[in-house]
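Based on the hints, put chain B in the right spot on chain A.
In the order they appear, the protein sequences are chains A and B. Take the first sequence: its letters are residues 1 to 243, numbered as in the working numbering. Take the second sequence: its letters are residues 1 to 230, numbered as in the working numbering.
A few of these clues could be false.
[To be verified] Cross-link-like lysine-lysine pairs, in silico, DSS-like; alpha carbons within 27 Å at most:
no.	chain 1	residue 1	chain 2	residue 2
1	B	175	A	180
2	B	18	A	181
3	B	18	B	182
4	B	49	B	16
To be clear, the hints were calculated from the coordinates, so they are not data collected in a lab.
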Amino acid sequence: MEAVVVQGLTYQYQPGGPFVLKGLDFQVGRGEIVVVTGLSGCGKSTLCFCLSGAIRHNRDGVMAGEVGVNGKNIREMRGASLALEVGMVFQDPDTQLFSPTVEDEIAFAPENLCLPPDRIRETVDHVLDLLGVAALREANPYQLSGGEKQLVALAAVLALDPPVLIVDEVMSQLDAGGRKKVAAVLERLRGMGKTIIAVEHNLEAVAFADRLIVLENGALVRLDRAETLLADRNFMTARRLIC
Amino acid sequence: MSFLKLSQVTFFYPRKLKPALTGLNLGLEKDEITAIVGPNGSGKTTLTKLMIGVLQPAEGEIQLEGRPIAGYSLAEIGRRIGYVFQNPDLQLFCSSVAEEVGFGLTNQGCEPATVEEKVDFYLDYFELAAYRNAFPLHLSQGEKQRLAIAAVLANEPEFLILDEPTIGLDAYRKKLLEDYLKKVARLGRGMLLISHDAPFVNRMAERVVTIENGRIQSDSGRKGNAVYEA
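Bound conformation, chain A alone (with noise of 0.2 Å):
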């Protein structure tokens, strides 16, 4: 069974707009990693928040066609069992952030779980540590630089254990030791079975993703392995993902 399954998913942020996503169908396999990518303002992130279920639950355009995660349909999904099973890192993660310390923010979602005090703390631990972040511990979210706050919401998401994880530009604040360290969290998550679907612009950065997704004006132009879609230089130029 896929993972992710979408098909014919359209979406308009108010009823008569412009479609956004025209007539989406994809999926994505358990263990796999497929990057979306395409011109600024092509649909990458509401793709993201259709998928997150985050537009079914709290935004008020026109969603139609179907998502389903792991066989179940996101539409019949509310709050905590759609987050057990979803876990979207935003783009900007001012709007992700919101506890006093970056200890707390993690702890937030395991703590809504009611989960055990000593589970979560070894939670909290494990995911500081997995990102290199231990230090941040005690700080407040907001006082961090924007590639430390990147590395705390993906630490906030990653405490869920979500079985597919949509990461949207998470290493776009990052320096070249944090890009790498979140690729090796992203491959290492792949190799336990995680389906991951990140939206990037800087495609050598995600060389490592199994299939590239390319969408323009809400339409999906190509689906394709990563190292043929990354090869065909042809395709990439004409349609300005590279210069």
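Leaving out everything else, chain B in the frame of chain A:
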């Protein structure tokens, strides 16, 4: 005389024992493109906020064209130095994209026809014309980034500070930005870039300053040939 001169600048955030920046000495000129690079949390953004007077140093002094920056109002600094924030959401506040680009010009007293002409130019150049009447915060991240840059460039400041300007930009829009910034530089306007994007830094910067743990670790010097290896 440097356009911006930092002498022994040290800065602490409130309730922090360790300084975010320690004893920084740096001069920036109007005839070159300088990049500041360094690991996340090394103090790059903090340094630029000191340069525009948003933060004040605990020790040392910052001068803008030979006068202490503490003697300038924020509005005076804002007219001389254009600043593009790392996060465009912190910068955009108007009710439409066109208003955002024209806001600074209108407030500087430009004629409406001049404002309109410049707004049209920058919206066309940064491919935002289709969103002229859109609410800025409804744009995608890459579009917001382009808008924030366009709004600052439209004011034609003498000096530009751009904090991670390539975040959210696709390769094509990054190339457009590079071309425009090079054109701005040729007009004799100085520029300071903060970026982790090594290919961007290496294509743009004439001088690379590396900061680590709040201290300058290296400086290629004016019009140097340093290569930033991320």
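Now the hints, each set against the structure:
Between residue 175 (chain B) and residue 180 (chain A) the CA atoms are separated by roughly 25 Å; this keeps the pair inside 27 Å, and the hint holds. The hinted pair formed by residue 18 (chain B) and residue 181 (chain A) meets the criterion: a straight-line CA distance of about 26 Å does not exceed 27 Å. Restraint check for residue 18 (chain B) and residue 182 (chain B): not satisfied, since their Cα atoms lie roughly 38 Å apart, outside the 27 Å limit. For a cut-off of 27 Å, the pair hint linking residue 49 (chain B) to residue 16 (chain B) stands: about 18 Å separates their Cα positions.
Of the numbered hints listed earlier, the single one contradicted by the structure is hint 3.
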